[in-house]
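Asker: Sequence:
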Amino acid sequence: MATPIGHLGDLTPRALEVLRASQRIVAEDTRHTRKLLAHFDLHVPLVSCHAHNERERIPFLLDCLKRGEWLALVSDAGTPLLSDPGGWLVAAAHEAGYRVTPVPGPSAALAALSVAGFPGARFHFEGFLPPRGSARKARLQTLSRIDVPLVFFDSPRRLLRLVDELAVTFGAERMALLAREMTKRHESIHRATLGKLRALLAAQAEAVRGEVVVVVAGADEAEQEPVRPSAPRLDRVLMLLLDSLSPSHAATVASALLDIPRSQAYRRILELRRTAPP
Numbered sequence: 142m143a144t145p146i147g148h149l150g151d152l153t154p155r156a157l158e159v160l161r162a163s164q165r166i167v168a169e170d171t172r173h174t175r176k177l178l179a180h181f182d183l184h185v186p187l188v189s190c191h192a193h194n195e196r197e198r199i200p201f202l203l204d205c206l207k208r209g210e211w212l213a214l215v216s217d218a219g220t221p222l223l224s225d226p227g228g229w230l231v232a233a234a235h236e237a238g239y240r241v242t243p244v245p246g247p248s249a250a251l252a253a254l255s256v257a258g259f260p261g262a263r264f265h266f267e268g269f270l271p272p273r274g275s276a277r278k279a280r281l282q283t284l285s286r287i288d289v290p291l292v293f294f295d296s297p298r299r300l301l302r303l304v305d306e307l308a309v310t311f312g313a314e315r316m317a318l319l320a321r322e323m324t325k326r327h328e329s330i331h332r333a334t335l336g337k338l339r340a341l342l343a344a345q346a347e348a349v350r351g352e353v354v355v356v357v358a359g360a361d362e363a364e365q366e367p368v369r370p371s372a373p374r375l376d377r378v379l380m381l382l383l384d385s386l387s388p389s390h391a392a393t394v395a396s397a398l399l400d401i402p403r404s405q406a407y408r409r410i411l412e413l414r415r416t417a418p419p
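Here this note's numbering = 1-based position in the sequence shown + 141.
No lab work stands behind these hints: they were computed from the structure. Just so it is clear, CB atoms sit at the ideal spot from N, CA and C, and this is done for glycine as well. Hints may be right or wrong, so weigh each one.
The calculated DSS-like cross-link candidates involving lysine-lysine, where the alpha carbons are at most 30 angstroms apart (straight line), are [to be verified]:
#, residue 1, residue 2
1, K207, K176
2, K337, K278
3, K325, K337
4, K176, K325
Ranges of calculated distance between the beta carbons of each label pair, as one might list FRET restraints [to be verified]:
#, residue 1, residue 2, range
5, S396, A333, 31 to 37 angstroms
6, S385, R196, 47 to 53 angstroms
7, R263, R414, 40 to 46 angstroms
Generate the whole structure from the sequences, applying the supplied hints.
Answerer: Here is the structure:
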């Protein structure tokens with residue numbers, strides 16, 4: 142069930158009713174959820190279920206369901222399973238034949254989209270990117286060509302890095318929205334190009350705090366597909382590389398130079414070798 146992302150007044154009447162009726166609340170962080178329960182004067186036992194213990198909790202929680210208990214699954218804020226734990230538990234409950242019912246409500250992703258001003262009926266929810274390395278770079282390259290708004294989550298301490306990488310990969314002129322502390326007292330929402338958002342963050346004297354959502358406009362038609370090298374150009378590059386590199390290494394270098402899949406470069410190398418004069 143969804144819980145407030147900040148303003149406690151956003152807890153729906155139905156969600157409050159479900160919390161009151163539950164025999165046990167399964168929470169990502171019991172300390173955080175305990176504050177929510179105290180505000181509404183609720184006294185329901187809590188069970189922690191986070192990224193590091195979720196699978197261990199499943200047998201106990203399924204046993205609770207077997208005994209007829211009503212369980213409410215909540216994350217720290219917003220709608221569970223959106224970059225939050227709970228997926229293994231929900232799947233296990235389905236497989237065991239128990240009824241799983243959504244209790245909709247606040248969502249940081251939808252709240253940010255609602256004020257982003259990027260028209261369209263579709264969007265892509267990315268959540269958290271791979272933390273580092275080639276997987277992160279490759280993922281950003283793929284996302285840069287998607288033609289619908291994209292929603293990212295990240296921690297405040299990594300926000301400048303994220304916006305900087307988005308500006309480099311997507312282009313500094315791509316429009317974006319930065320939403321921080323939504324529905325809270327210090328809510329701030331900035332809509333500008335990625336380049337301007339990067340400059341704004343770099344100029345801040347104090348580190349950003351609180352929950353952060355970044356929404357980036359989708360690619361326009363010219364950005365949706367990467368420019369592929371012509372066949373003659375690809376062949377020239379490969380032949381130059383093959384003068385001093387092995388086929389495998391040449392394919393890797395060509396992939397990086399020409400922004401093409403390594404497999405494509407390697408297949409072309411094999412074709413060139415087959416058709417080369419003896």
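Asker: Against each hint, give a clear statement of whether it holds in the structure.
Answerer: Taking the hints in turn, this is what the structure says about them:
About 29 angstroms separates the Cα atoms of K207 and K176, which keeps this hinted pair within 30 angstroms; it holds. The hinted pair formed by K337 and K278 meets the criterion: a straight-line CA distance of about 22 angstroms does not exceed 30 angstroms. With a C-alpha separation of about 24 angstroms, the suggested pairing of K325 with K337 holds against the 30 angstroms cut-off. Distance check on the hinted pair: K176 and K325 sit about 15 angstroms apart at the alpha-carbon level, within 30 angstroms; holds.
Between S396 and A333 the beta carbons are some 34 angstroms apart, a value that agrees with the proposed interval 31 to 37 angstroms. Separated by about 50 angstroms at the C-beta atoms, S385 and R196 satisfy the suggested range of 47 to 53 angstroms. R263 and R414 have their C-beta atoms about 44 angstroms apart, which keeps the hinted 40 to 46 angstroms range intact.
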